[in-house]
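**Student:** Below are the chains, spelled out letter by letter.
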Amino acid sequence: MKEFGGKVLFLDRSDINTDEIIPAKYLTEISKEALKPHMLEDLKVEGFDPWAAGVADARVIVTRANFGCGSSREHAPWVFEMNDINVVIASSFARIFRQNMFNCGMLAIELPESAIDRLFSHKEGAKVSVDFEGNKLTIESAKGKEPFEYSISGFDKALVEAGGWVDFADARY
Amino acid sequence: MAMTLSEKVFQAHLRDEPFPGTKVLGIDVVMCHEITTPIAINDLVARGKDRVFDPEKIKVVIDHVTPAKDTKTAQQGKILRDWARRHAIRDFFDVGRNGVCHAIFPESGFIRPGYTVIMGDSHTCTHGAFGAFAAGVGTTDLEVGILKGVCAFREPNTIRINIRGKMPEGVYAKDVILSVIKKLTVNGATDCVIEFHGEVVRGMSMESRMTLCNMAIEAGGTSGVCMPDEVTVEYLWPFISSEYKDKKAAVSDFRKWWSDEGCEYVMVLDIDVTGMEPQVTHGYKPDQVKDVSMIAGEPVDQVYIGSCTNGRIEDLRVAAAYLKGRTIAPTVRGIVSPATPKVFRQADEEGIIKIFMDAGFCVTNPTCGACLGMSNGVLAPSEVCASTTNRNFNGRMGKGGMVHLMSPATAAVTAIEGKIADPRKYSKGGAK
Chain A
26 MKEFGGKVLF
36 LDRSDINTDE
46 IIPAKYLTEI
56 SKEALKPHML
66 EDLKVEGFDP
76 WAAGVADARV
86 IVTRANFGCG
96 SSREHAPWVF
106 EMNDINVVIA
116 SSFARIFRQN
126 MFNCGMLAIE
136 LPESAIDRLF
146 SHKEGAKVSV
156 DFEGNKLTIE
166 SAKGKEPFEY
176 SISGFDKALV
186 EAGGWVDFAD
196 ARY
Chain B
30 MAMTLSEKVF
40 QAHLRDEPFP
50 GTKVLGIDVV
60 MCHEITTPIA
70 INDLVARGKD
80 RVFDPEKIKV
90 VIDHVTPAKD
100 TKTAQQGKIL
110 RDWARRHAIR
120 DFFDVGRNGV
130 CHAIFPESGF
140 IRPGYTVIMG
150 DSHTCTHGAF
160 GAFAAGVGTT
170 DLEVGILKGV
180 CAFREPNTIR
190 INIRGKMPEG
200 VYAKDVILSV
210 IKKLTVNGAT
220 DCVIEFHGEV
230 VRGMSMESRM
240 TLCNMAIEAG
250 GTSGVCMPDE
260 VTVEYLWPFI
270 SSEYKDKKAA
280 VSDFRKWWSD
290 EGCEYVMVLD
300 IDVTGMEPQV
310 THGYKPDQVK
320 DVSMIAGEPV
330 DQVYIGSCTN
340 GRIEDLRVAA
350 AYLKGRTIAP
360 TVRGIVSPAT
370 PKVFRQADEE
380 GIIKIFMDAG
390 FCVTNPTCGA
400 CLGMSNGVLA
410 PSEVCASTTN
420 RNFNGRMGKG
430 GMVHLMSPAT
440 AAVTAIEGKI
450 ADPRKYSKGG
460 AK
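Chains as they are written, first to last, in this note's numbering: chain A, 26 to 198; chain B, 30 to 461.
Read the hints as simulated data drawn from the structure, not as lab findings.
Idealized CB from N, CA, C, for every residue including glycine.
There's no promise every hint is true.
[To be verified] With beta-carbon atoms standing in for the labels, derived distance ranges:
#1 LYS428(B) to GLY188(A): 32 to 38 Å
#2 PHE145(A) to ASP377(B): 55 to 61 Å
#3 GLY188(A) to GLU46(B): 17 to 23 Å
#4 ASP377(B) to ASP109(A): 50 to 56 Å
#5 MET26(A) to ARG110(B): 35 to 41 Å
#6 LEU298(B) to ASP109(A): 41 to 47 Å
[Unchecked claim] Beyond 12 Å from chain B on every Cβ pair, some chain A residues (computed):
#7 GLY30
#8 PRO62
#9 TRP76
#10 VAL80
#11 LEU136
#12 LYS148
#13 SER154
#14 GLY159
#15 PHE173
In isolation and in its complexed conformation, chain A is listed as follows (with noise of 0.2 Å):
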């Protein structure tokens, strides 16, 4: 199972796309390796720098509402995935890319509105460790610790132990 957990990005948008995850010009890659420097390049998310130190770091991504909309590319995830991003906490996620993080093994976490306000409420530099059995995460950061129990379906936590569902399928299919 992957590891869950750490510095968080805070993108202040909703509806952000695949595209603006990982433009489609990168779509030609034949490897995960190879999508690695391009993540959000593009993405246009005020005082959002791609670019800036703090990006490199990120574990977990937080963000508002229909984050990975658009194009079905699991290049998205994987983009992710390979700068070890393996958390994203939305207030809600588009059905393509909810699943194709779950089917990679990672962890896309609904919360509502409010809950996500509340984590946005936490500066930069703030941390978010996941107590993936017990369905909980907690936001630590200068103001405090805050916890938040989330739901998630027994199919996709069963993708997640399992590492993914090319694994979970082949086992039982």
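Start from chain A and add chain B according to the hints.
**Tutor:** Chain B in isolation, oriented as in the chain A frame:
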């Protein structure tokens, strides 16, 4: 119990329910292109599982960048080509016979009512136009589809859209779906199937129904769906004639997939097209839609007609009807990509290719082309394209470029004026 079309398809294909709420379905058609499939193939090879569940049910095309533009795209094509050959996948469309996946696969008769269809491409929802459950998936889902012939889904809810009224002159399926997306917003249909009903849909060709269903994903929808009827049978008849004694029998058989009276919808939306204006997007989200009269006059640098949304023969006919006897503005680059070789040939035989060329358009080979800025027709920063495609995301057609989505009719008259224009001001086939 009254069921929706997709509930019936789910029930007929259910293989496993590993957890409550998760349904693993048997898949009838697994479609593959060169962008999202090679990594799945490489992973299967690395796992020592280089197998396919059924070569007859796997359909393969090179369409996004074709002919290859560089070593990397040539490699993607080669991985796909070699794989199709070693598994004896008969339905493989290579250079010369290839076209945009969501146009060439239905045109080849691969999609039937009641089918389950997946592809590593978000616009797979197009095929719901035939009364199928068709969903875009990622590479991992595709990989499992190739290996095992199954895919897992949360059972979707269904939104019903009733489209009524009389389609005004200059208004087409593209305008209708843009107005639907404006109403639903970009995530209003997440985890939902969108069913299109009403007299307007019943009167639409399969091409127009595919345009409707194609953009279901732009509202977050899993699949667009139309009820399979006489129009569906007529389109599929060359492929199904041996299975039915006559067309009437096919129509009556297809009827079994229709959503039942009294089935459950999470939302019902009524749209009256009478008085609808041609629709054009602004901004960078496909739900940012305006009446053409509110945006007319905005200059454009390029006009693109093509794609899985609007690159079919009907689309080219409509655009050509406005372009006939006219030329495009000298400030505009016009590009048209017929979606398949069959569309190209037909357009040539009908004199449509000549009309485009006389008007000053560049006619490309069938390909996804400019739509996602991967091969030809890429925009320079600050340039604007009027496009019949499906996404206006920031940088979609090239970094710093902007896209306005519209119908082939609006795109054609926009090319003539060099700025966003209203097709209702034009007569077809000559100056007004």
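**Student:** Does each hint fit the structure? Answer for all of them.
**Tutor:** Each hint, compared with the structure:
Checked against the given bound of 32 to 38 Å, the beta carbons of LYS428(B) and GLY188(A), roughly 35 Å apart, stay inside it. In this structure the hint that PHE145(A) and ASP377(B) lie 55 to 61 Å apart at CB holds, the actual value being about 57 Å. At roughly 22 Å, the beta-carbon separation of GLY188(A) and GLU46(B) lies within the given 17 to 23 Å, and the hint holds. Range check, ASP377(B) to ASP109(A): about 53 Å between beta-carbon atoms, so the 50 to 56 Å window is met.
Range check, MET26(A) to ARG110(B): about 36 Å between beta-carbon atoms, so the 35 to 41 Å window is met. Between LEU298(B) and ASP109(A) the Cβ separation comes to about 43 Å, which falls inside the hinted range of 41 to 47 Å. At the 12 Å boundary, the C-beta of GLY30(A) stays outside the reach of chain B, the nearest C-beta of that chain being 23 Å off. With a minimum CB-CB distance of about 16 Å to chain B, PRO62(A) clears the 12 Å threshold, and the non-interface call stands.
For TRP76(A), the condition that its CB be more than 12 Å from all CB atoms of chain B holds, with the nearest at approximately 15 Å. Once the 12 Å rule is applied to beta carbons, VAL80(A) is consistent with being away from chain B; the minimum gap is 19 Å. In this structure LEU136(A) is separated from chain B by more than 12 Å, as the shortest Cβ-Cβ distance comes to about 16 Å. Taking the minimum C-beta to C-beta distance to chain B, about 28 Å, the non-interface status of LYS148(A) holds against the 12 Å cut.
The beta carbon of SER154(A) is kept farther than 12 Å from every beta carbon of chain B, the shortest such distance being approximately 26 Å. At roughly 18 Å from the closest C-beta of chain B, the C-beta of GLY159(A) stays outside 12 Å, upholding its exclusion from the interface. Look at PHE173(A): its CB is around 22 Å from the nearest CB on chain B, clear of 12 Å, so calling it non-interface holds up.
Of the numbered hints listed earlier, not one is contradicted by the structure.
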